[in-house]
Amino acid sequence: MDSLPASSASASAGLTPWGTRSGPVAGWAAPALAVAVGYYLAARVGFAFTLQPYPISTLWPPNALLLAALLLAPTRAWWWVLAAALPAHLLVELQSGVPVAMVLGWYATNCSEALLGAGLVRAFVAWPLRLDSLRSAGIFLFSGAFVAPIVSSFLDAALVSLVGWGERGYWDLVGTRIFSNTLAALTVAPLILTWAAIDVSRLRAARLVRYAEAAALFMGLLATCMLVFDLPQLDTHTAPALFYAPLPFLVWAALRFGPAGTTSAIAVMVVATIFGTVNGLGPFAGSTPQETALEMQLFLSAVAVPMLLLAVVLDERARVELDAREQRLQLTHLSRVAMLGELSGGIAHELNQPLTAILSNAQAAQHLVGNKSADPEILVEILRDIIAADQRAGEVIRRLRTLFKRGETQFQPLDANELVHEVLSIVHGDLVTRSVEVVPELAAALPKVQGDRVELEQVMLNLVMNACDAMAGLPPEQRRIRVRTRAVDVEGGAVQVSFGDCGPGFTPEQYAKLFEPFYTTKPRGLGLGLSISRAIIRAHHGRLWGSSTPGAGAAFHFVLPALRAKRG
Amino acid sequence: MGSARACVSIIDDDALVLRSLDRLLQARGFEVHTYSSPQAFLEQRDADTPGCIVMDLSMPGLSGLELQQALARAADRRPVVFISGRSSIEATVRAMKAGAVDFLTKPFDEADLVAAVRAALDKDRASREGLAELASINLRLATLTPREREVLSRVVAGKLNKQIAAELGTAEKTVKVHRARMMRKMQFDSLAELVRAWTVSQPLPPAPPQA
Numbered sequence: 002m003d004s005l006p007a008s009s010a011s012a013s014a015g016l017t018p019w020g021t022r023s024g025p026v027a028g029w030a031a032p033a034l035a036v037a038v039g040y041y042l043a044a045r046v047g048f049a050f051t052l053q054p055y056p057i058s059t060l061w062p063p064n065a066l067l068l069a070a071l072l073l074a075p076t077r078a079w080w081w082v083l084a085a086a087l088p089a090h091l092l093v094e095l096q097s098g099v100p101v102a103m104v105l106g107w108y109a110t111n112c113s114e115a116l117l118g119a120g121l122v123r124a125f126v127a128w129p130l131r132l133d134s135l136r137s138a139g140i141f142l143f144s145g146a147f148v149a150p151i152v153s154s155f156l157d158a159a160l161v162s163l164v165g166w167g168e169r170g171y172w173d174l175v176g177t178r179i180f181s182n183t184l185a186a187l188t189v190a191p192l193i194l195t196w197a198a199i200d201v202s203r204l205r206a207a208r209l210v211r212y213a214e215a216a217a218l219f220m221g222l223l224a225t226c227m228l229v230f231d232l233p234q235l236d237t238h239t240a241p242a243l244f245y246a247p248l249p250f251l252v253w254a255a256l257r258f259g260p261a262g263t264t265s266a267i268a269v270m271v272v273a274t275i276f277g278t279v280n281g282l283g284p285f286a287g288s289t290p291q292e293t294a295l296e297m298q299l300f301l302s303a304v305a306v307p308m309l310l311l312a313v314v315l316d317e318r319a320r321v322e323l324d325a326r327e328q329r330l331q332l333t334h335l336s337r338v339a340m341l342g343e344l345s346g347g348i349a350h351e352l353n354q355p356l357t358a359i360l361s362n363a364q365a366a367q368h369l370v371g372n373k374s375a376d377p378e379i380l381v382e383i384l385r386d387i388i389a390a391d392q393r394a395g396e397v398i399r400r401l402r403t404l405f406k407r408g409e410t411q412f413q414p415l416d417a418n419e420l421v422h423e424v425l426s427i428v429h430g431d432l433v434t435r436s437v438e439v440v441p442e443l444a445a446a447l448p449k450v451q452g453d454r455v456e457l458e459q460v461m462l463n464l465v466m467n468a469c470d471a472m473a474g475l476p477p478e479q480r481r482i483r484v485r486t487r488a489v490d491v492e493g494g495a496v497q498v499s500f501g502d503c504g505p506g507f508t509p510e511q512y513a514k515l516f517e518p519f520y521t522t523k524p525r526g527l528g529l530g531l532s533i534s535r536a537i538i539r540a541h542h543g544r545l546w547g548s549s550t551p552g553a554g555a556a557f558h559f560v561l562p563a564l565r566a567k568r569g
Numbered sequence: 002m003g004s005a006r007a008c009v010s011i012i013d014d015d016a017l018v019l020r021s022l023d024r025l026l027q028a029r030g031f032e033v034h035t036y037s038s039p040q041a042f043l044e045q046r047d048a049d050t051p052g053c054i055v056m057d058l059s060m061p062g063l064s065g066l067e068l069q070q071a072l073a074r075a076a077d078r079r080p081v082v083f084i085s086g087r088s089s090i091e092a093t094v095r096a097m098k099a100g101a102v103d104f105l106t107k108p109f110d111e112a113d114l115v116a117a118v119r120a121a122l123d124k125d126r127a128s129r130e131g132l133a134e135l136a137s138i139n140l141r142l143a144t145l146t147p148r149e150r151e152v153l154s155r156v157v158a159g160k161l162n163k164q165i166a167a168e169l170g171t172a173e174k175t176v177k178v179h180r181a182r183m184m185r186k187m188q189f190d191s192l193a194e195l196v197r198a199w200t201v202s203q204p205l206p207p208a209p210p211q212a
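Line by line, the protein sequences are chains A and B. Using the numbering used here, the first residue of the first sequence is number 2, and each one after it goes up by one. Using the numbering used here, the first residue of the second sequence is number 2, and each one after it goes up by one.
Read the hints as simulated data drawn from the structure, not as lab findings. The structure presented is a predicted model; accordingly, all values stated were derived computationally and were not measured. All C-beta atoms, glycine included, are put in the ideal place defined by N, C-alpha and C. One or more hints might be untrue.
Stated by the list, open to error - To give an idea of the chain A side of the interface with chain B (calculated C-beta under 7 Å), a few residues:
(1) 350
(2) 356
(3) 358
(4) 360
(5) 434
(6) 436
Using the sequences plus the hints, can you model the full thing?
Rendered as structure tokens:
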């Protein structure tokens, strides 16, 4: 049970620092102290939320806190957690004049609830539990907030009856315990669990706007909750719709602030509601205090469960999307690197040219300097050429570095012609060694397009290299690529870029497979180029397609929506 | 013949490389002509000028190997030194088989380039001198009468005057006269010189088939 999957090791950065197996006791002392202090405070809160004059607690958070602590701790540390809670329990309960037997009994039932919930959860979900999927949230709700409170409430009530403390009936006790424990497990435990899972560094990196939004959300929620639940009820009739007033804020939290934001929002609402009810304010007013408490508990539970699940589902979906995006980025980068590998010979040529020029110029200068009769003008020219050659080599390296880099997609206004030039200079060496001639037909005054420079260059590189490969079987003088850019008048303006070769072309049957991943006609190809190119162009809201006259060459085209020129 | 100075023709489509090689070889005392494309070279070349060709292997339009073949077809025998930024074994083998003097990979050291150019120029000079000698022998051969030719072919075959006279059905004395006149026309003093010139002027026997 303690075995911790490798993937969650890094993910547990935000968890309480439970020490390693061999770690010093000091590593466990801080969490244990936190449990003790937390338990004490939670019990004080539980007492504060008691409906007077009857000792009916509407929310009993210590058990939920223990549950959360157990879930966050590795199983081997559970003894520490439970032991740490004992002094706090004694300290807080003995103040209230409860018999010692009762106090110890409650400690046992509190621990049993937490242990039962945590044990059930751990049977299904490996440590550490994170409320990041519908499955783990479902298991948590069922075990921690349903089974454990119910079972332990029976024990608890039985114990109370056994000791003979208080004058309430057994079933009456069971009922109040179940709902106050359940509400606490539903609200307090997820609050602790989700906050423990927060990556503090990301919280720090968040922009000020996010903090402002969070502040607006919580102020709005608090104000609404106070209006609905904390005002004296002047007439006995309350519009049921009022109960739903805080819901938009909870949905807002679920949509924008994830599970931690949602549990916090629920906590605000729970505190505001209980505060009102305990002080005789707000809409919950049953004929008996028990009824009042029950109404309120049912209402809060009914809101908390779906909101928590909504937040978890949204979070899970966002993460899946992020993973897919990350995978796409990775695959795009990998295929780009593979393509650059194929180009490496041509790139070496591109670097060797300036290197040769630099070396020969420098050696010529050596002789000229030795020869006093030499014209100093020539030395100036030589230096100028050396600088030019060096800059050219630097440019080759710069282009390569950009393409090798694995970065986030960055959209910016781009000139398609400039991209074509850049790509043609990258493949220049390769084109020359493969005796491929490029005929550019670039439209003047092309509107700009919005896109990621590296990804669009990758698409163009891919299309140029495909065209070269398609013509490998032709006599050198026939190897020709036509590169065309033009503005087209579709959907409010677009830019079309085409790469046409003189190769054998493709049949409609072949075309149907061309864009499938891993379909390739090349001996060393991965078969990813076209499918990735198409995905890139789609992500740019464009379209990529091919056309061919079999025997007379193939052409691949893509269109990208034009950026509207700003009108002054 | 031999009055024109040997000239190194450099062909490279890369202007920076072309200029740098031009300067380097000029600084080393060579006469240099530069061409920015194979086409420009084909248009302006003068096969009679002694010299050699230094060219890039991969150039747009016409590759170095294709240019080498075109020159061979045009009987331009100037030796070729290839320079390349990207040398495949296949291209190197093809270039050397087609008679290239050397194959340098960019970036190369000055010493290697100069050595290759010297070797190419020596080869060119040798082949031009050989050609010139052959032309002069052929010129002299043409001045012989049919009877003097008959005598010559028998002399170089190692026959005695007496045997030649018998074969030609004349007097030995007459053969002696023809022989002396032939030797004077061919401008040779010894039999050895005559035999060597004769061997040079004869077309080579076809090469034996390779195993």
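| query | Holds or violated: is the Cβ of residue 436(A) closer than 7 Å to a Cβ in chain B? | reply | 6 Å, holds
| Given hint residue 434(A) near chain B, where the shortest CB pair must fall under 7 Å | 5 Å, holds
| field | Restraint satisfaction for residue 356(A) [CB to CB of chain B, less than 7 Å] | value | 4 Å, holds
| residue 360(A) as chain B interface residue, shortest Cβ-Cβ below 7 Å | Hint on residue 360(A): holds, closest Cβ of chain B at ~5 Å, below 7 Å.
| message | Tell me if the interface restraint on residue 358(A) is satisfied: Cβ within less than 7 Å of some Cβ in chain B. | response | 4 Å, holds
| field | residue 350(A) as an interface hint toward chain B, with CB separation required under 7 Å | value | Since chain B brings a Cβ to about 4 Å from residue 350(A), closer than 7 Å, the hint holds.
In terms of the numbered hints stated before, the structure departs from none.
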